[in-house]
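S.K.: Given next are the chains, with one letter for each unit.
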Amino acid sequence: MDKKKATILLQSGDLDKALCAFIFANGYASLGIEVKMWFMLWGYNCLKKRRSIFSVFNRRTDPVRESAYRVLETDNILQPMVEMLNRGGVQHLPMSKLNLMGIGPFLFDKMLKKKSIMGLEELIRSADELGVKFKMCQICFDAMGISVDDLIVPNVEVKGVAEYAKDTMEAHVNLFI
Amino acid sequence: MTTDREINVVGRACPAPLISLAKEVRIMQKGQTVRITGNDPIFEESIVQFCCDGTHEILETSREGKTVSIVIKV
Numbered sequence: 009m010d011k012k013k014a015t016i017l018l019q020s021g022d023l024d025k026a027l028c029a030f031i032f033a034n035g036y037a038s039l040g041i042e043v044k045m046w047f048m049l050w051g052y053n054c055l056k057k058r059r060s061i062f063s064v065f066n067r068r069t070d071p072v073r074e075s076a077y078r079v080l081e082t083d084n085i086l087q088p089m090v091e092m093l094n095r096g097g098v099q100h101l102p103m104s105k106l107n108l109m110g111i112g113p114f115l116f117d118k119m120l121k122k123k124s125i126m127g128l129e130e131l132i133r134s135a136d137e138l139g140v141k142f143k144m145c146q147i148c149f150d151a152m153g154i155s156v157d158d159l160i161v162p163n164v165e166v167k168g169v170a171e172y173a174k175d176t177m178e179a180h181v182n183l184f185i
Numbered sequence: 469m470t471t472d473r474e475i476n477v478v479g480r481a482c483p484a485p486l487i488s489l490a491k492e493v494r495i496m497q498k499g500q501t502v503r504i505t506g507n508d509p510i511f512e513e514s515i516v517q518f519c520c521d522g523t524h525e526i527l528e529t530s531r532e533g534k535t536v537s538i539v540i541k542v
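Here the protein sequences line up with chains E and W, keeping their order.
Residues in the first sequence are numbered consecutively from 9, following our numbering.
Residues in the second sequence are numbered consecutively from 469, following our numbering.
With the rest of the complex left out, here is chain W:
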């Protein structure tokens, strides 16, 4: 799946993925998609929490070993 933007936070620990995603989402327009890739143990959980207020939608989650890649629609 191709997305408008890509964020790579592989190797970064807890608040960093969330902060980079929040900064990216701020400059994106409604309807655009972003792919975020990370391998933090609680990475997937944090991203789900980020989206759970209903403003963002998770379109796709793919796993490759410990690395998780999530596509979000803003």
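Pulled out of the complex, with its shape left as it was, chain E reads as follows:
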């Protein structure tokens, strides 16, 4: 029997939805199923390093950020503006329900800790250890001005929709969250 496969596309940047996606990824991976996780739009936020608002403009001129996946000539003021308003960071994600101006995620985190349920950051690390492949959408990379060194996981692949279509046709389960 050939290896079973699953793909999970995370489009949402909400804490609860990201938590679901990573619990499924870990579950599939521990049962020996090959998992590929795709990230689009706000889905990046859970993998982004939290940085200061003031660092945004300095980092624009950093040559490290000139990755092969981006067209820097067409960048303008909007990329750093998006980055300022959407800083992400795994500890700073909002919730889709009962956000209560940031009190919701704080209380939710306490609830998970009390019940000794794994938190999002722990789940991301363990997914990485279990061999889950992380793939990113290239146009979101370009349009939102993100670079590979902004992310907390190493070995991230930046791919296009052709690769996604191929992966989903091969897989037994495709989730869109």
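Keep in mind that a hint or two might mislead.
Derived coverage of chain E by chain W (criterion: at least 3 residues anywhere in the stretch with Cβ under 8 Å from a Cβ of chain W; other residues may be distant) [as the list claims (entries may be wrong)]:
#, segment
1, 53-64
2, 120-127
3, 134-143
I should point out that these hints are in silico values taken from the structure, not numbers from a laboratory.
Where a beta carbon is used, it is the ideal one built from N, C-alpha and C, also for glycine.
Given chain E, put chain W in place with the hints provided.
M.R.: Showing chain W alone in chain E's frame:
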């Protein structure tokens, strides 16, 4: 029953027992045994699901209150 390896996941909730078992099984050789102990309400069920594809075998299940201890042959 003595086993080659031991995992203790008492107090850990749903995906954690499965993840630790999967990580342990990866570094074990064929024929070795592992004992996993946990007290999650769906712990036993999850471990049975883990083994149900036929690659691993459950040798022994023992219960003590809410704590369940399962021996698996890889």
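S.K.: Hint by hint, note whether the structure agrees.
M.R.: The hints, checked one at a time:
no. : hint    : result
1   : 53-64   : violated (count 0)
2   : 120-127 : holds (count 4)
3   : 134-143 : holds (count 3)
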